[in-house]
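Fit chains B and C to the given chain A structure using the hints.
Protein chains in written order, with our numbering: chain A, 14 to 343; chain B, 1040 to 1386; chain C, 10 to 386.
It should be emphasised that the hints constitute simulated quantities derived from the structure, not laboratory data.
Careful: at least some of the hints might be erroneous.
[To be verified] If you want a taste of the chain A side facing chain B, the calculated C-beta under 7 Å gives, among others:
| hint | residue |
| --- | --- |
| 1 | LEU43 |
| 2 | GLY44 |
| 3 | HIS46 |
| 4 | ALA49 |
| 5 | PHE154 |
| 6 | ALA156 |
| 7 | ASP278 |
| 8 | ILE296 |
| 9 | PHE304 |
| 10 | ALA315 |
Don't be surprised by glycine CBs; every beta carbon is placed ideally from N, CA and C.
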Amino acid sequence: MVQIRAAGVALYEGAFNLLERPMLALQRVLGQHRLAWVFLLPNLLIFGLFTFVPIILNFAFATTSGDRIIIGDRPYVGAANFASLLDCESYLNPNTCRRDLFWRAVHNTGWFVVLQVGFMVLFSLITALILNRDIVLRGFFRAVFFYPVLLSPVVVALIWKWILQRNGVLNAGLDWAGFGTVNWLLEANWAFFWIVFVSIWANMGFYVLILLAGLQSIPGDVYEAAEMDGTPRWRQLLRITLPLLMPTMLVVLVLSLIRAVQAFDEIYVLTGGGPGSATTLLIQYIYDVGFATRPRVYGLAAAASLMMAGVLFVLTMAQLAATRKRGEDG
Amino acid sequence: MFSWLLGRRGRNGFDLTDWLAFGFLGLGVVLMLGPVLWLVLSSFKTEAALQEFPPRLMPLAPVMVEVSGHAEPLPLYAITDGPEAGRELAQIRRIGLNAQMVDPARPDEVLNIHINDREAIRSVAVATENYTTVFTRFNFLLYFWNSTFITVVATILTVLFNSMAAFALAKYRFTGRTAVFVLIIATLMIPPTITLVPLFLVVSQMGLVNSHWGVIWPAIATPTGVFLLRQYMLTIPDDLLDAARMDHASEWRVYWKIVLPLSAPALAVLVIFSVMWRWNEFLWPLIVLNRSEVFTLQLALNAFQGELQTSWSNLLAMTVLTLLPITVVFAFLQKYITQGIAQSGVK
Amino acid sequence: MARVELQGLVKDYGAVRVVHGIDLDIADGEFCVFVGPSGCGKSTLLRMIAGLEEISGGDLLIGGTRVNDQRASERGLAMVFQTYALYPHMSVRQNLAFGLENIRMPKDEIARRVGEAARMLQLEPYLERRPKALSGGQRQRVAIGRAVVREPRVFLFDEPLSNLDAELRVTMRGEIAALHRRIGNTMIYVTHDQVEAMTMADKIVVLRDGRIEQVGSPIDLYNRPANRFVAGFIGSPRMNFIPCTVVEADGAGAVVEDATGRAISVAVDGRGLNPGNKVDLGVRPEHLRPGTDPESGAENGIAVSVGNIEQLGGESYLYCSAADGREVTVHMPGQTGIRRGDTVMLAIRPEFCHLFRASDGVAQQRLHVGEAAGQAL
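Only chain A is shown next, with the shape it has when bound in the complex (with noise of 0.2 Å):
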């Protein structure tokens, strides 16, 4: 352990003696203020790199068409790939649409999103409410909900899969309780139940948590004001919890609305999008045309992603001003 600690402090001199003298040169020609683009300036490299040029030529690939991936082997086709994506008879029925399975994904991208942010931001003030009574073991269930946020989604899926495969112990159970079993990821209504409930099973402990942070930051003297006014406590939940909490509620929503938009991972690995596209988002439509088959389509994948950027650009906006509200309200 001291040897390990040694190490450390060895290493941690070591890198500030090779980058002292380079840096003292530096200041010398720069002075002290200039030499702040020096600090900024690996940062910058990068974003400027692989964030800022990317989001530039997103647009140049979603003008033009072809499977080449340099922009100018790409013959320039205009808005003919947002015109192919949103060519469609009627928008409730993507049967009737060019892009139909674009279509379907944005159908279920929609009903999940509703679904899971719906039942998971309850569920999550369900248990932040629990969490806040003065309960002995808190802490340990606080941990136990939180765990599965820490796991990665490839082993969320997989843990899911082993649950739920025919000879899983879930039917073992439905066969033992006299139900006959469901092969759960093959009958699409099911896989799209499973999703949705993996999905929240796996990110709701982030969400009990900024909750009862929330909570924990009403003041317990209003209780007390309260409870020396004699409110019933449905009255203090519905009057006082509630409405102190909206801030941080609303950040939760939002938050989860963004990443809903996105979700991917723990999908992909269970049903692959399967069975048919019952289960394909928006994300997988766009990894399966941009890269998973062949020939890569890659100004249809940059158009949707556009498509997509437009609605999280109005989500952010959204949580950037419910972030400004709690923190002022806070």
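Relative to the frame of chain A, chains B and C by itself:
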């Protein structure tokens, strides 16, 4: 009707609301931990035990016996009913509702027994070979190393670069500071999932496809990290930096010897996040890493579960090994992780 | 050790000028205090000398060399900050040694200096502690120690005592004065507290709005404030000002009358004043004495009615109002029989009076300063 959500301790006795609360939490514990425990338990079962339906809770395996005249070991059964009740026989094969069985002591005599008249004899069998095979046949160590390399390198660079940028933004007045800050915050709005296609172009043009650096570079300039650290560094008094400057410290020394050590709590939060992000990352590596020798653990797991012939026994063992490091870290740092996340509101 | 010269020093923040051409000469070994209300530019001026703020115009000379363009660390100065600015992640010993390690001083020399400073400042028992584990006074001493070990040419103090409680402030005041006597370096000390300035300084520089109002020794500033601002700033409780009109004035003295028409003679050089000029008569609270008979009218003074009385046993404060409602404070030794609501005559001795022109606040020269200071009331 909501009152059970609001109860507080300190009252006498255990009333209905407490029962309801604990009932809910108990159900939650089963639902949250049960699947993981079931995975761990299953990962110690032999392939044969895994194929059984209904599955047993404990890792039990049918007892197999060598019978002369048969190449493979045969499963042993206790006969519970019928004329042969009380004997222990080995099953050769099943034909419809009957089984051809043989007494290991008298291999020549074949008996026909109704399948409901017999019950398999089991013993506890912890299949540690599931785990050893993962190491010997499935190259687990390679994937583990790949994941570790990406996680460690990306985390070090993330912390270094983000903290340098945060230092500049928090502690210097220079023209363009606000512009840079707004630019960085704006990228919070553009999740990487939106720029998959062009990012792939950039990475492939740099020759980083199938390279771990193709996963590392795009990941390290996190706006979240810059923002988190800047907010923390703003709380370090400027007097301290001025004192160090009066003490002959260069700006680099001020950053390395004063600001970094004092930002330790925020740096720890960022380290935890970064480790979690990189270790669990899936979609981007899936796009960049196509050859199995550069796979991360997550990719390897995904690839194996897709292969039909892969046995569950090895897959389960590998899954357990993948969740183990994060679980151990969580067990030790649970308090800091939950606090850090609750305070910063990011994941 | 070094002389510090400020020649037309200017500081601009964008279009705003906060320091307007300061000329000042601080002699080698002098303890110089910058004093003034908050926002007067005193801290900015100190930070310009330290090298922590860029100098927008003028010259700064330390030891005869122009140092405008030298970095803070190259000027050979040490600074004690208002917040102490101790490195919280280092022990006291590391705090003291940090600056010396930065210039790669030999280890044994560092140890010698740290040991010496610790002994001098009674920090030896705390060398291995972190700043968090120290009391306010100990932290203050560490901050001073960090400056001492550097053996700087000039010490800079930026309101170093303002975070301490009253009692500790008195102690530390004494310790800093003792430190100055012992090592004899040039010290520049910034404070908004005129008591600190009076008790410690060889030379006080009174600043207001980025300009020097007056420079002088503490007693000089007390006896001969150059204007109404300095007169009001130096001395506690602050000087009473009574608006008056000049009746007659010449080189041998002046006579003024207050709002009630009572004539008061004043021992100042009255040249430059004409009858009818508006002036402010300044009298310090300790120079006012209640007369026994308010009706006699013979005494040189003003009539007031007594409001609050603070009896501290050894001294007493009377808070009175003059005929025009203006507050007049009296500070007298011992105890008093005067009660709230009494009307009393306050005697004013001409040689203790100050006279300021109402138009620009500039003081008239006093005539008998030396003698008056030595006289009992």
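Against the structure, the hints come out as follows:
1. A least Cβ separation of about 10 Å between LEU43 (chain A) and chain B goes past the 7 Å threshold, and the interface hint is therefore violated.
2. Nearest Cβ of chain B to the Cβ of GLY44 (chain A): about 10 Å, over the 7 Å cut. The hint is violated.
3. Restraint check, HIS46 (chain A) versus chain B: the minimum CB separation of about 5 Å is within 7 Å; hint holds.
4. With 7 Å as the threshold, the beta carbon of ALA49 (chain A) comes within range of chain B, its nearest partner Cβ sitting at about 4 Å, so the hint holds.
5. Restraint check, PHE154 (chain A) versus chain B: the minimum CB separation of about 5 Å is within 7 Å; hint holds.
6. For ALA156 (chain A), the interface hint holds, the least distance from its beta-carbon to any beta-carbon of chain B being 5 Å, beneath 7 Å.
7. At its closest, the beta carbon of ASP278 (chain A) sits 4 Å from a beta carbon of chain B; the interface hint therefore holds under the 7 Å criterion.
8. With a cut of 7 Å, the hint placing ILE296 (chain A) at the interface with chain B holds, because the nearest CB-to-CB distance is about 6 Å.
9. The restraint placing PHE304 (chain A) at the interface with chain B holds, with a minimum CB-CB distance near 5 Å, inside the 7 Å limit.
10. Using the Cβ-Cβ criterion of 7 Å, the hint placing ALA315 (chain A) at the interface with chain B is satisfied: the shortest such distance is roughly 5 Å.
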